[in-house]
Each structure stands twice: as C-alpha cells, then as structure tokens.
Amino acid sequence: MYDDAREMYELEYPAPDMGNNSNDRLTLVVALNGYADAGVAVEAAADHLISALDHRPVATFDSDELVDYRSRRPAVTIANNEPVEIENTEISIKVLRDNQGKPFLLLSGPEPDLRWNGFTEAVADLVEKLDVQQTICLYAAPMTVPHTRPMTISGHGNSQELIKRLVSWDQKLMVPGSAALYLERALHKRGRNVAGYTAHVPHYVASSPYPLATYNLLSSVANASNLDLPLGSLEHDIQRTSQQLEEQIYQADEVQSLVAGLEEQFDEGLERYREKNPQAILPGEQNMPTGDEIGASFEQFLNSLDGTEHGEADEEE
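For the sequence shown, the numbering used here assigns the number 1404 to the initial residue and increments by one for each residue that follows.
Hints were generated in silico from the structure; no laboratory data involved. No experiment lies behind these values; they were computed from the predicted model shown. Among the clues, some could well be false.
[As the list claims (entries may be wrong)] Derived pair list, reagent style BS3-like, types lysine-lysine, alpha-carbon separation capped at 25 Å:
{"hint": "1", "residue 1": "Lys-1679", "residue 2": "Lys-1575"}
{"hint": "2", "residue 1": "Lys-1575", "residue 2": "Lys-1592"}
{"hint": "3", "residue 1": "Lys-1592", "residue 2": "Lys-1532"}
{"hint": "4", "residue 1": "Lys-1592", "residue 2": "Lys-1567"}
{"hint": "5", "residue 1": "Lys-1532", "residue 2": "Lys-1505"}
{"hint": "6", "residue 1": "Lys-1679", "residue 2": "Lys-1567"}
{"hint": "7", "residue 1": "Lys-1505", "residue 2": "Lys-1567"}
Model the full structure from these sequences, guided by the hints.
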C-alpha cells in the first residue's frame, strides 16, 4: 500500500518534450476501457490514436496495485505448447502529437479495479505538474437511439468552452460511478477545466465494435481542443460496418419495426430539445463552425485583404 499517491506511478526519464511553439492549451484525453464503453468506442479511440500518431511515455502506473487480475483475467496466447504473449494491462499517460505536431496527452489502459481515490489524486497531481489546461474524459453508453440518425455526443463539465458544441441535459442524473468520473470530480475541486463526452450508441449494436462512435468521440475532442487528428481510416470502417448493419437489420421485419419506432422517438425528442435550446448545436452539426467562428474567420480574411492592399500601395509609391 502506498502512503503517497506519487508512489503509484513512475515518471519517464528523461521526460519527453511536451512543448510547442504556440500558446495552445495542453489537453489530456482520458480513455480508460472497461466501463461505459458501448461499441468498444473508448478502447478503440485510444488504440487508434496510439497506432496512428507519434507517442512517448510520460508516466506509467503500477498495475499490480490497481488491477484485479482474477476479475479481469488477461488473455494469454499459447503457441507451440508455450505461453508466448500476455494481454497488456498497462495504465499510462503518453504524450502524442497530432498531424500538425501539436502535443496532447492520453491516459489509457484498463479502468482500475482498486484504489480509485488514490489513482484519481495521482492523476490530478500529474495534471497540475504537467500544466494540463483541460481534460476530456470519454464514455460510450448504450441508448435507445436508431443507427439511422446522426449520432449524439452529450457533454457535461465545468467549462462551457469544452461542451458548447454538444448536447447537454439540464437535469439531475444518477449513474454508476467510474474511475474517470472520480477524476472529473477531483479536477473540478482543484479548479481545473474538465469535461466528459458520451457517445450514444444504439443499444442493439452496443456489444460489437461501432466505429461511428469512436469517430464522433474523437471528432468532438478535435473540435474542442483544436487538434488535427487522423480519422480517415475510421471513415472506411464506418462504411463497412454500416453496410453490414443494414444487411443484417433489413433481413428481419421485427428489427425494421424497432428501428422505425426509435426513429420516431428520436425525432420527437430532438424537436423538444430544439424548442428548449434554440441556439444549441444539434446532433450532426458538431463539425459545423459556430457563428462566432465564422465571424472571426471573415474578420481575419478582411484584415489580410487590408494588409495586401496597403502592401501593394507602398510598392507603387
């Protein structure tokens, strides 16, 4: 048992470079798999980022203190009568760089089974130590929504800037706890910007990989944190999964009726939400620029024209 949360992890030495040449805020993305991961969307998001982008370890947590191996038995591969590979249970923070070289952090691995308070305090300490300005925790929940409508990504958090593009619910909810939610609470208490993004996955596909949820979660992260993330390969996976889903669903009349009922329910709910929140960005509109962003871009364009005109005038003189 550790007396100090700092003993729960080991920092990489020498520390990887996390600086950049801009004033952009450093973002931590939390993608712990095991809980609230319908469609395997959260685990796939972490795997996709790690496989697609340059990354370096920053801190590695002691899995023996955090993981109950008997309740979460790692898969062991046996080849030629010998165990040759054991599923990775590492929980770590890595620094990644997006397509433009901008750094961000990723906390990934299995959700701890034990010591949530100690774990979240350790991560919160690292957030302060590494000067993380905003943290986004990823979730995916099975919901009674149809796959034929735009995916909903709902957001909650203490920063309006992080959730302004997402659907939010102005009501009290009670949900099962998770290590990521504990972390959200700890960061909020420390005055750090933190938010949670939840993909609403159709309940009838929740047990299978659903790349559309992964894509929308990462797109929401990219929009909120000004990151350029590689999502092209996910688009191919979405098309393939969508085709397979259509083939399976429309072979059964009862499933078609279910989807039709969900479509009607979704449309009615969306209309009620629109009436209560006329300025809200609705599902399917998350990637569209806001009015303020359009105005800022237009103003920047006009300023560039003015600069060009002045430059040409100076040259003529």
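Checked hints:
This hinted pair checks out: Lys-1679 and Lys-1575 have alpha carbons roughly 17 Å apart, not beyond 25 Å. Between Lys-1575 and Lys-1592 the alpha-carbon distance is near 19 Å, which keeps this suggested pair within the 25 Å criterion. Among the hinted pairs, Lys-1592 with Lys-1532 is consistent with the structure: their alpha-carbon atoms are about 16 Å apart, no more than 25 Å. Pair hint Lys-1592 plus Lys-1567 holds up; C-alpha atoms about 21 Å apart against a cutoff of 25 Å.
As the CA atoms of Lys-1532 and Lys-1505 are separated by approximately 19 Å, the hinted pair is consistent with the 25 Å bound. For the proposed pair Lys-1679 and Lys-1567, the alpha carbon gap of about 15 Å is at most 25 Å, so the pair holds. Only pairs whose Cα atoms come within 25 Å are accepted, and Lys-1505 paired with Lys-1567 is accepted, the gap being roughly 23 Å.
Hint compliance for this structure: every hint is met.
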